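Protein chains: 2
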Amino acid sequence: MPLRRIKLTIEYDGTNYHGWQVQDNAHTVQAELENAILRITGERVRITGSGRTDTGVHALGQVAHFDTNSMIPAEKFRKALSAVLPLDVAVISSEEVDFDFHSRFSATRKTYEYRILNRQIRSPLMEKRVWHIKEALDFKVLNQAAEAFLGTHDFSSFCASGRSISNFERTIHLSEWSERQGLLVYSVCGNGFLYNMVRIMVGTMIEAGLGKRTPESISDILTEKNRNLAGITAPPQGLYLVEVHYD
Amino acid sequence: MPLRRIKLTIEYDGTNYHGWQVQDNAHTVQAELENAILRITGERVRITGSGRTDTGVHALGQVAHFDTNSMIPAEKFRKALSAVLPLDVAVISSEEVDFDFHSRFSATRKTYEYRILNRQIRSPLMEKRVWHIKEALDFKVLNQAAEAFLGTHDFSSFCASGRSISNFERTIHLSEWSERQGLLVYSVCGNGFLYNMVRIMVGTMIEAGLGKRTPESISDILTEKNRNLAGITAPPQGLYLVEVHYD
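Heads up: the sequence lines are chains B and Z, in that order. The opening residue of the first sequence carries number 1 in the working numbering; numbering runs sequentially from there. The opening residue of the second sequence carries number 1 in the working numbering; numbering runs sequentially from there.
Just so you know, the hints here were simulated from the structure itself, not pulled from any lab data. Here the structure is a predicted model, which means the values were calculated and not measured. Cβ coordinates follow ideal geometry from the N, Cα and C atoms, glycine included. Hints should not be assumed to be uniformly reliable.
Stated by the list, open to error - Restraint-style ranges between C-beta atoms, simulated for each label pair: (1) Z:His245 / B:Lys76: 46 to 56 Å; (2) B:Glu95 / Z:Glu224: 41 to 51 Å; (3) B:Asp247 / Z:Gly182: 46 to 56 Å; (4) Z:Leu38 / B:His27: 33 to 43 Å; (5) Z:Gly192 / B:Lys140: 41 to 51 Å; (6) Z:Asp154 / B:Gly42: 34 to 44 Å; (7) B:His27 / Z:Lys212: 33 to 43 Å; (8) Z:Pro73 / B:Asp220: 36 to 46 Å.
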């Protein structure tokens, strides 16, 4: 077969992984996928994801691509890979794409969700799936805070240090809280996200929801471009990469 | 303090338990609760549950009671027990009840849910939480089948053998399928349930939903009082004890 490019959409439970990206001596989702591809094609490939996810972060629709000479029809990779992957990773869809498709550079938007359990007692059935907050959150204030992120802003204040990037400007298309099945769910869609950006946004909104800062302060924090002014980084287990969008 | 009776409502992830009931050398939810009570009160008590759940079956609202001389206010047991219980068990509420309250004998109804993921590929995030069925299920047929269980019937055909009981008659008040968050969810409420009854009901309805039997056949199976005529026992991980009702 001629070389082809395959696009994969991947669901995973991030609990037992050191995140997405291959690292020495660490259990990562990317490494599991590369091992699975080796097992079914005999080829050692490097797969490229739309972006990293951190330790404990989950994905309902991570996207990655790789190139292969394998005879396996593109749509069969889904089943074949899911059959050999560990139970906490599955390929939800597989398709052949043009070589100008790139899981990271072709992505135009990403949607994340952050799930919070706001009740007195922790939930055994949602352990490692939500951020459990005991103190009552003000839902209206959460949404006032979320609104402040809409549009194009410099997100320097909402970015963990340690990675060398120059452009901190991102555009947020959707930023809202809803109630679903007893959870508070924050949905956010943007043209890109900085390191820990969603988790710092959530941590800051939660501080507003708890009355520790005003929802109006979010705009000031954006303007100041100072990470120290924003709130805590929300824990990873509430975060889900829901969808990577391509035009 | 005088002897008091405490009612507990309990949530658990049944994945790592040999069910509810204390058995020699087995990890059970009841044993974990009794250990937790010992740790916080110093008393070795026997707790009584509303009924057993099998290995792998989950609970959102199991109910149990126990008697204690402890000074701990009734409503504080919730927090104190949840603090020492393993992360896959939590006490959702605790309250003092009269001595004529009995978690099992005072229960007038129970509500269960059975959750099915009906798609091609398994879900890493719902592993051990749902029954994954790849073949397309006919939602309308599932509900036709569910309707046949409503009312009072002899459920001998929907009961696993091995326990000595004499009365197989049970009344079902609610029996319906709904779609929720990408899952097919069966909700059933009745005045009591025989051993494996919900799981055999679900297994039989699923066979109808797959076109392997007609929804009309359910009524005949009830009439015949023969376990061999009903369908398979659905696997435990899709079953949730949702609520135990008391008048």
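Going down the list of hints, with the structure as the test:
no.	hint	verdict
1	Z:His245 / B:Lys76: 46 to 56 Å	holds, 49 Å
2	B:Glu95 / Z:Glu224: 41 to 51 Å	holds, 49 Å
3	B:Asp247 / Z:Gly182: 46 to 56 Å	violated, 26 Å
4	Z:Leu38 / B:His27: 33 to 43 Å	holds, 37 Å
5	Z:Gly192 / B:Lys140: 41 to 51 Å	holds, 44 Å
6	Z:Asp154 / B:Gly42: 34 to 44 Å	violated, 59 Å
7	B:His27 / Z:Lys212: 33 to 43 Å	holds, 41 Å
8	Z:Pro73 / B:Asp220: 36 to 46 Å	holds, 45 Å
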